[in-house]
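Kindly produce the complete structure, drawing on both the sequences and the hints.
One letter stands for each residue in the lines below.
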Amino acid sequence: MTTISFVPVALTRRQAALVEAAAARIFPTTDTPGATEAGVVNYVDRALAEAYPGLLSLYRSGCRALAGESKRRYGVDFLKATPDQQDDLLTAFEAGRVDGFPKAKEFFGTLRDHTMEGVLGEPAYGGNRDLVGWRIVGFPGHQYGYEEAYINKVVDLEPKAVDRPYPTKEAWNA
Amino acid sequence: MPNNPKAVDVVIVGIGAVGGIMAKQLASAGLEVVGLERGPMAEFEDYASKDTIRSITRRNFDERVRHEPISVRQREGAPSAKRFTSTPVNAVGGGLAIWTGSATRFMPDDFRVDSNEMQAGVADKARADLTGYEIRDWPISYDDLEPYYERFEWEMGVSGDAEANPFAGPRKKGYPLPPLRQGARNELFGDACARLGYHAHPTPNGILSEAYQPPAPYDTRIQERPACVYCGQCNNYGCHVQAKLSSAWTSVPVAFETGNFDLRTNSKVFRIETGPDGRATGVSYFDPDGNVVEQRAKVVIVASYIYEASRLLLLSGKGKRGLANSSGQVGRRITAHGDVRYTGIFDDYIVNGFIGPNSGMRMDDFNGNNFDHAGVGFIRGGTIGTSGGGTPLERYDAIPPGWPRWGEAYKEYLAKYYTRQADVTSHPETLPHRENYIDLDPRFKDEWGIPLPRTTFAFHQNEHKMWAFLGEIEQQILREAGASEVWGFPTNRASRWAGGTVMGDDASDSVVNGYCQSHDVDNLFVVGASVFPTMTGYAATPTVCALAYRTSEYILGASGLF
Ligand SMILES: Cc1cc2nc3c(=O)[nH]c(=O)nc-3n(C[C@H](O)[C@H](O)[C@H](O)COP(=O)(O)OP(=O)(O)OC[C@H]3O[C@@H](n4cnc5c(N)ncnc54)[C@H](O)[C@@H]3O)c2cc1C
Ligand code: SF4
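Residue numbers (the working numbering), protein chains in the order written: chain A, 1 to 174; chain B, 1001 to 1562.
It is possible that some hints are incorrect.
To be verified - DSS-like, lysine-lysine: derived pairs with alpha carbons at most 30 Å apart:
| no. | chain 1 | residue 1 | chain 2 | residue 2 |
| --- | --- | --- | --- | --- |
| 1 | B | 1416 | B | 1082 |
| 2 | B | 1318 | B | 1298 |
| 3 | B | 1416 | A | 153 |
| 4 | B | 1125 | A | 105 |
| 5 | A | 105 | B | 1416 |
| 6 | B | 1082 | B | 1298 |
| 7 | A | 160 | B | 1465 |
| 8 | B | 1320 | B | 1445 |
| 9 | A | 103 | B | 1465 |
| 10 | B | 1125 | B | 1465 |
Claimed, not checked - From the structure, some residues in chain B lie toward chain A, with a derived Cβ separation under 8 Å:
| no. | residue |
| --- | --- |
| 11 | 1045 |
| 12 | 1051 |
| 13 | 1053 |
| 14 | 1187 |
| 15 | 1217 |
| 16 | 1241 |
| 17 | 1349 |
| 18 | 1350 |
For the record, the hints were derived by calculation from the structure and aren't laboratory data.
Cβ coordinates follow ideal geometry from the N, Cα and C atoms, glycine included.
Structural data, given as structure tokens:
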């Protein structure tokens, strides 16, 4: 079960825990880090506070439906459901098959997009902690440039995130 | 700010690609030029940002586009909806701030679709149904533009191989710079095309392959800029080394240097003013504080991109029809490319699509009138090439149909295939159709209370047939390149707009003449892709810039304007 280790600003702690648990199924932790380690819930909470306040009500109703549907189907809270049960619930949301919650599909689609933004976006927005998302997929992030074309070759550069661009390589890499 | 600043020679509405060049050309000749740009000055941090959340995910939240929605609907009678569009980008430099850089001249035949295809029987042989389309030749030819294409390429710096594309028009001079370094996706594309007998070539790019400053006889006042470093965050991003051309670091600084150019940013023009004789007397705009200011000028140049070109003419003038619209053609004959994109994944080839340049290789074997159209059911075609957009936030949805979209298997998919995928895409030409037009939205207004430009736009039968055809070729190339899965589909996503203030010789059937000069109002010029009578299967920038040079020269030589 998840415990939220930060103070959310847009979501309640309960909602944040639900979002974190659902995101962890969308981009799970395996032998490599997943949504949890990337800090997706951090990203989502900040995004809802700063960029997408209009989506807050979708999250509220989505979290309620997620918890309600879990109780109805399995008699347990979503946070206590097994990973397989959580996956089945999310599959139902993805397909829009949740009685009494017509926005199930929209909620799932939004949560999936935001999860991936939190995994693959800039750490400055709260997710992709330690650049775990970029490491997993093999994106070296904000490189000043590439000195070779890496044709059919793994790019073995340490990933990097810069908060602002710099016109020279020295400043960029400083 | 004074409410009626002193009259000047020229006022230019919009300092993007076109406005920058015209400001430089006209101010250099000694004319007093005021540039009114609705966006801010280019700030390096904004322009060159490599922030993917900001530039890709939240682009519609961006300050640069937030204030300027348009409205769209698919057909007459349908309700319109508000949309944001990043083109033009509202800042000095316009779309060039974040463009991809592909910079191909149109082909000689592109200027004569009516005579070459309609009159000469190609359309009949193709068994194309062209009901509803409004197809006219351009009043100017490739030869008319050739010297100005050259000036654009040599002043702004275009990298390419003049010998490589057998379908390109004749040229007096090659490109000033060799092609950009080619990456893996270009190698895949180029090799596959070679095996299939298609003529792949490096896309001419408005990106410097080597450090460059224009030599004489071109404008040597333009500063030297360094070569591209292939960061790959290019299409939709600014360039941190200024290798990708933008007015902000080519034409505009030179215009300033003349001392004759007064640039007013955050100044939004909403009307072209006219006198009792019907000639233009200047423009009215909202200054940064929201005050209405009238700037009088002897010549008015509208360089504000498609939506705003038609919108401004429709907002101006005395009658209901708007200004410069005795033909009734303002807003008509708009076109935009559809999106025919296929993606392939490669099991044993690492593509690293995040490395630049974004637009690497092209082939024109199925563009324009370059191939036998017998029986294909459509006329024209489009350039086909590799495409950019390689950051993970642009690729996490690139998944073969039926494959998992989340969960463990999806994570494995991304981990393996994010670096092993490539797109092939085309710029399928859309012909002007009588049901497609821009007018003023009767319902939606912008923050200043001005009606939004409303596009009524849908793709029609010629496009749909063409997309299916081009899509087959794209899949063939990806399979030949060795992709283990190929997927995609044409979408109605429209981009690369043209039309609305079309040029022609016949004043009853067009808005401007071959010099982008209004037929009705001789001191009013509209310059940009809005004047294209047909669009072609390429992007517009070299051609709009060539028109900017040519129109500047015409203005300087014309009598009775000043
Ligand atoms: C992401 C992207 C990729 C692109 N890739 C390519 C490519 O690969 N190849 C290519 O050829 N082209 C490409 N383009 C298109 C290219 O940017 C345009 O062709 C070019 O910028 C057009 O020049 P313009 O001067 O007509 O318009 P713009 O450069 O768009 O400039 C118009 C200017 O007018 C200003 N303006 C508009 N209305 C008003 C008003 N009422 N008052 C004051 N100012 C106003 C705008 O703010 C803007 O600065 C791309 C564009 C984008 C956005
Ligand atoms: S790929 Fe080259 S031109 Fe494009 S932004 Fe990077 S350095 Fe600039």
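Q | Hint validity - residue 1350 of chain B Cβ closer than 8 Å to any chain A Cβ | A | holds, 5 Å
Q.
Take the shortest C-beta to C-beta distance between residue 1045 of chain B and chain A; is it under 8 Å?
A. With Cβ-Cβ at 5 Å, under 8 Å, it holds.
Q. Given the proposed pairing of residue 1416 of chain B with residue 153 of chain A, does the C-alpha separation stay at or below 30 Å?
A. holds, 13 Å
Q. Are residue 1051 of chain B and chain A close enough, Cβ to Cβ, to be under 8 Å, as the hint says?
A. holds, 6 Å
Q) Quick one, are residue 1318 of chain B and residue 1298 of chain B close enough, alpha carbons at most 30 Å? A) With a Cα-Cα distance of about 19 Å, the restraint between residue 1318 of chain B and residue 1298 of chain B holds, given a limit of 30 Å.
Q. Do the alpha carbons of residue 1125 of chain B and residue 1465 of chain B lie within 30 Å of each other, as the hint requires?
A. holds, 15 Å
Q | Proposed proximity, residue 1298 of chain B with residue 1082 of chain B (alpha carbon, max 30 Å) | A | Status violated; Cα separation ~36 Å.
Q.
Run the distance test for residue 160 of chain A versus residue 1465 of chain B: straight-line Cα separation, threshold 30 Å.
A. violated, 45 Å
Q: Double-check residue 1053 of chain B for me: the hint is only fine if its C-beta lies closer than 8 Å to a C-beta in chain A.
A: OK, holds: residue 1053 of chain B within 8 Å of chain A, min 4 Å.
Q: Report holds or violated for the interface hint on residue 1187 of chain B, using the least CB-CB distance to chain A and a cut-off of 8 Å.
A: holds, 6 Å
Q: Classify the hint on residue 1241 of chain B as holds or violated, based on whether any CB of chain A lies nearer than 8 Å to its CB.
A: holds, 6 Å
Q) Within 30 Å, alpha carbon to alpha carbon, are residue 1320 of chain B and residue 1445 of chain B? A) Holds: residue 1320 of chain B and residue 1445 of chain B sit about 18 Å apart, inside 30 Å.
Checked against the numbered hints listed earlier, the structure breaks hints 1, 4, 6, 7, 9 and 15; every other hint is satisfied.
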